[in-house]
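Taken in order, these protein sequences are the chains called L and S. Under the numbering used here, the letters of the first sequence match residues 1 to 185, in that order. Under the numbering used here, the letters of the second sequence match residues 1001 to 1093, in that order.
Do not take every clue at face value.
Dumping the calculated EDC-like pairs for lysine to aspartate or glutamate here, alpha-carbon to alpha-carbon at most 20 Å [stated by the list, open to error]:
| # | chain 1 | residue 1 | chain 2 | residue 2 |
| --- | --- | --- | --- | --- |
| 1 | L | Lys126 | L | Glu146 |
| 2 | L | Lys57 | L | Glu157 |
| 3 | S | Lys1088 | S | Glu1036 |
| 4 | L | Lys133 | S | Asp1012 |
| 5 | L | Lys126 | S | Asp1012 |
| 6 | L | Lys91 | L | Glu101 |
| 7 | S | Lys1088 | S | Asp1021 |
| 8 | L | Lys57 | S | Glu1060 |
| 9 | S | Lys1088 | S | Asp1012 |
Which residues of chain S face chain L? A few of them, derived with a C-beta cut under 7 Å, are [claimed, not checked]:
| # | residue |
| --- | --- |
| 10 | Leu1007 |
| 11 | Asp1012 |
| 12 | Asp1041 |
| 13 | Arg1046 |
Hints listed in this document are in silico derivations from the structure and should not be mistaken for laboratory results. Quantities reported herein were computed from a predicted structural model and do not represent experimental measurements. Heads up, the beta-carbon is just placed ideally off N, CA and C, and yes, glycines get one too.
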Amino acid sequence: MTDLTPITALGGTVARTEVFGALTTTENADLGLASLSLRAGQEVPQPFGLMLPGVGKAVSMGDYAAFWTGRGQWMIEAAGKAEVDFAAMLKSEVPECSVTEQTDGFTAFEIASTQGARPIEALMAKLVNIDPKAFGPGQATRTGLEHMTVFLIRRAEDRLAVIGMRTLAGSLWHALAVAARRLED
Amino acid sequence: MLIPHPLLGLRDSQEFTYLGDANLMHRPDATAENAEAQFCDYVFQRENPAGVHRELWFHEQGDRSWLVVTRDTTTHEILGAELASNVKLGAAE
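Only chain S is shown next, with the shape it has when bound in the complex (with noise of 0.2 Å):
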């Protein structure tokens, strides 16, 4: 499988480490009202689409850079990747 690194192109995805849905980037705010439930959600509730999923891979053995992967659970077919400081700051670069 090859994931098409923003910056380095087609790399393998054995040089790629996965964390998980692309919304753990979305941590609520401490201070909140209503913290503790929230973050009750943020830690145990995920979406468990069979289609096409956000997720956050590491490229460990490369730029050390996250990135932002959109998959298809059921095809496995990649879809895009995207570094995930852009997606948080909204930047584009």
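Just chain L, with the same shape it has in the complex (with noise of 0.2 Å):
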């Protein structure tokens, strides 16, 4: 029989983590990912508990999560699907919703600074145009980073996804470490 290994997105059998200084950026292999959109007139479902936020927010519940995409759009995040059928089960959730998988279209990366916001708003100076004093806790939004476009989320004062395309993985990464280290000098 095939004896097949699996790999995660940057081609690595494990997770990749690396630290920079006061940041410690992980690529987070384990979370599921499923879009869901409103068909027209539906009212905001509300899909495992969660109650989806509005323009450029993003809220937490236990293991889920769930971001605003787009006007009548959400990712809701899973922690620890990313092999099962997330998509199906959020599907069932809301069975009169729109819902498409993203597990396999994207990849994260969860940045953790040891030293509060400012070594995470540093960062966020260097690679996007986004104001990092007006991206608090629960802001989540879309951008383009070194051409690439990207999903940020600021899970906390001192935490920080970015969620790109998963075929890009490699260059994002490498974005990533590259003015992550430039920070440590």
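Starting from two chains that each stand alone, build the complex the way the hints lay out.
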């Protein structure tokens, strides 16, 4: 029988993690993702009990989280659900809405700081044209990062998630790593 | 250049792609008597004003919304931006 070896978006057999001074960047290979869109005239549902957030916001509850991606449209995150059919789980929660599998399209990198908000904000200032001071905990947005399009989620003062296209995982990691390394100097 | 997105606030214009004249939203009726002439104008004829112009911009690296941006073509000053869906539907939100 064929013996296949599962690999992460960065090509490793285990998720990559690297420390750059105060910042630690970790590949979050276990994150399940699915998008949820309302159809015309639908009320906003509450999948897994999540109160779906308004423009530019993110919410989380237990293993589940959601962030706004467009009008009537959200990305739903589920910790530890990368290897199950999370889209089907979401669809059974909200059968009337449009649900699309996204786990295979994206890769998530989690950046954590040991020195509070300052290193996270310094990294953002280097990489994206979004005001870090106005991008506090609970904010989420999509923007460009070195010609790649990424979702940014400020999970906490000292934590930032960067979700980018899976095919660009290596380039995105490189961009984050180079910027974080320069902050060490 | 910054574009004042009606939902997201000031955003870098590099996040957007440009389509053209906002009149492109007004597609002629294909069943009309003179549809061919109307479509000929729709596809090929454009106003080319030196001054205030209304244009369609797509927030590609953002929330993927279409905006109607009012811009002065002589100074590149952005005078305003609205959601194209609201303009089209005449809805206020």
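These are the hints, each one checked on the structure:
Between lysine 126 of chain L and glutamate 146 of chain L the CA atoms are separated by roughly 11 Å; this keeps the pair inside 20 Å, and the hint holds. Distance check on the hinted pair: lysine 57 of chain L and glutamate 157 of chain L sit about 15 Å apart at the alpha-carbon level, within 20 Å; holds. A hinted pair counts as satisfied when its Cα atoms are at most 20 Å apart, and lysine 1088 of chain S with glutamate 1036 of chain S does not qualify at roughly 23 Å. For the proposed pair lysine 133 of chain L and aspartate 1012 of chain S, the alpha carbon gap of about 16 Å is at most 20 Å, so the pair holds.
Distance check on the hinted pair: lysine 126 of chain L and aspartate 1012 of chain S sit about 15 Å apart at the alpha-carbon level, within 20 Å; holds. Proposed proximity of lysine 91 of chain L and glutamate 101 of chain L is supported: the alpha carbons are some 10 Å apart, at most 20 Å. This hinted pair checks out: lysine 1088 of chain S and aspartate 1021 of chain S have alpha carbons roughly 14 Å apart, not beyond 20 Å. Restraint check for lysine 57 of chain L and glutamate 1060 of chain S: satisfied, since their Cα atoms lie roughly 19 Å apart, inside the 20 Å limit.
Of the pairs offered as hints, the one joining lysine 1088 of chain S and aspartate 1012 of chain S is violated, with about 24 Å between alpha carbons and a cut-off of 20 Å exceeded. Because the beta carbon of leucine 1007 of chain S sits about 5 Å from the nearest beta carbon in chain L, less than 7 Å, this interface hint is met. Checking aspartate 1012 of chain S against chain L by beta carbon gives a least distance of about 4 Å; that is within 7 Å, so the hint holds. A distance limit of 7 Å between C-beta atoms decides the matter here; for aspartate 1041 of chain S the minimum to chain L is near 31 Å, and the interface restraint is violated.
At its closest, the beta carbon of arginine 1046 of chain S sits 29 Å from a beta carbon of chain L; the interface hint therefore is violated under the 7 Å criterion.
Going through the hint list in order, the structure does not satisfy hints 3, 9, 12, 13.
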